[in-house]
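2 protein chains.
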Amino acid sequence: MLYFIGLGLGDAKDITVKGLEIVKQCSRVYLEAYTSILTVGKDALEEYYGRELILADRDMVEQEADEILKGADVSDVAFLVVGDPFGATTHSDLVLRAVNAGIQYRVIHNASIMNAVGCCGLQLYNFGETVSIVFWTDTWRPESFCDKIKKNRDLGMHTLCLLDIKVKEQSMENLMRGRKIYEPPRFMTVSQAAEQLLEIVQNRRERGDDLAISEETICVGLARVGAEDQVIRAGTLRQLASCDLGGPLHSMIVTGHLHPLEVDMLRLSAATPDSLQDLRMTDSSTYTS
Amino acid sequence: MLYFIGLGLGDAKDITVKGLEIVKQCSRVYLEAYTSILTVGKDALEEYYGRELILADRDMVEQEADEILKGADVSDVAFLVVGDPFGATTHSDLVLRAVNAGIQYRVIHNASIMNAVGCCGLQLYNFGETVSIVFWTDTWRPESFCDKIKKNRDLGMHTLCLLDIKVKEQSMENLMRGRKIYEPPRFMTVSQAAEQLLEIVQNRRERGDDLAISEETICVGLARVGAEDQVIRAGTLRQLASCDLGGPLHSMIVTGHLHPLEVDMLRLSAATPDSLQDLRMTDSSTYTS
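Protein sequences appear in the order of chains A and B. To convert a position in the first sequence, counted from 1, into our numbering, add 180. To convert a position in the second sequence, counted from 1, into our numbering, add 180.
So that you can see chain A by itself, here it is in the shape it has in the complex (with noise of 0.2 Å):
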């Protein structure tokens, strides 16, 4: 059997009752290390599983996908997740590989960002398309997701957007070489995100293209949702560029028509006391009692 094991999405105690079980009867344990982290590292993780973790990262998972399958016919394969298995596409892959291998699969579900996000107060119900924000680099500046937003926008949903993680990333002189060697990890903050997102609304503001989004937008940070550190911080667009909200994971939210229970929640965790304080009045084309 192979197992999808959700980590959850704070430390080595978010994994379920039933995950832990499992991970400590399988014979070979791995950790999926390139779509998310947790606020621990994969020391952290085997002391407390008591079992030995392989890191497997994107081109093993693509490429050596017989190697994390072999035996799993005959004996028990674990495969971890931070937050729940079915985030990322090359999972589906990995179960229709085993699936075409003969090999049963089973799913032990857990808390991802996708539910998570939830706790600040936003209803899930009304969340339109997922987008992701990649790292502009000085010939790749992509500006689709902005258009996702504003359709989520113009039917009043809010847009969790998932900011860009860089694992394992080489130099294009590295890769050109053939060399591995790998950059630092790096993860954009939502300062970093926000920003992003100014420039494009002031890019086509100036080509006469309305975007429905603009500074005084409110917007959600959200700093390593599920940890004891949590940080979540609501205010306007241009408030968040600013701001600060410590290490990783970041995710951001645009938000859309905003309930009244919805204000209440997120005047919790108002960037500046007033930021919310006159929603009603500021930004009233988002807000209707």
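Since the hints were derived computationally from the structure, they do not count as laboratory data. These numbers were taken from a predicted model, which means no experiment stands behind them. It cannot be assumed that every hint is accurate.
Put simply, identical chains are the same to the list, so a pair is met inside one copy or across any two.
[Stated by the list, open to error] Computed cross-link-like contacts, DSSO-like style, restricted to lysine-lysine with a CA-CA straight-line distance of at most 27 Å:
#	residue 1	residue 2
1	LYS193	LYS222
2	LYS331	LYS360
3	LYS360	LYS348
4	LYS222	LYS250
Based on the hints, put chain B in the right spot on chain A.
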């Protein structure tokens, strides 16, 4: 401290290790009992947690919140919710009451249907607004959820449909006579939801109103997600109207634009061997490679 603890979706062991530790140390433990259910009852949870649970129905949470909060400023109280604590509005209400009473709160997240639904192979990123389908009565037959599904489909998005739960309902007669006699709980099945949707599709068609949904639209029925006996069934809306997925809880997805990898995953749970065989030909509007 008031702890909101998600129980996940299957049975007693789907609580997180952190959640279980907190349950064991709290002075009082409430179990929210109206937005969802596990495959095991209160007795099984009490035995496994080693704690007495106080059942908190909707009336109690809405009208006797002070009772729940009593003493939570000086001792620890736990409020257990099936799934994740932030699916339902009323828990925001309880958070706000706690904060206003000067009581700190903390959330222990877990899987909920809102993210665990990804196990069927559809990408969570590609879901639009979530809708609820309620039991129709002789006098109340809401159709507005269909318009939301249409909006999602117009954008290529999938729609998660949460199906009605009737717990502690009174008959009209008992309600009018003030008798606290309750009807047995009812849980809408995928088949009932699909039939209701088919009826609306037919009605609208007769009125010349295009819902962008037909008898052949690919839908996914899910039962007891996260439990050992979970069932996933992918097929046309017509096929799902006649399927029997067993005991509660059920949910349904109306698909939008399908990515090839999503189609491959859905084929693993096709209602009939040929349900999704020629998806490319029969439902090309929702599928491009």
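>> Which constraints among the numbered hints does this structure fail? Numbers only, ascending.
In response: 2
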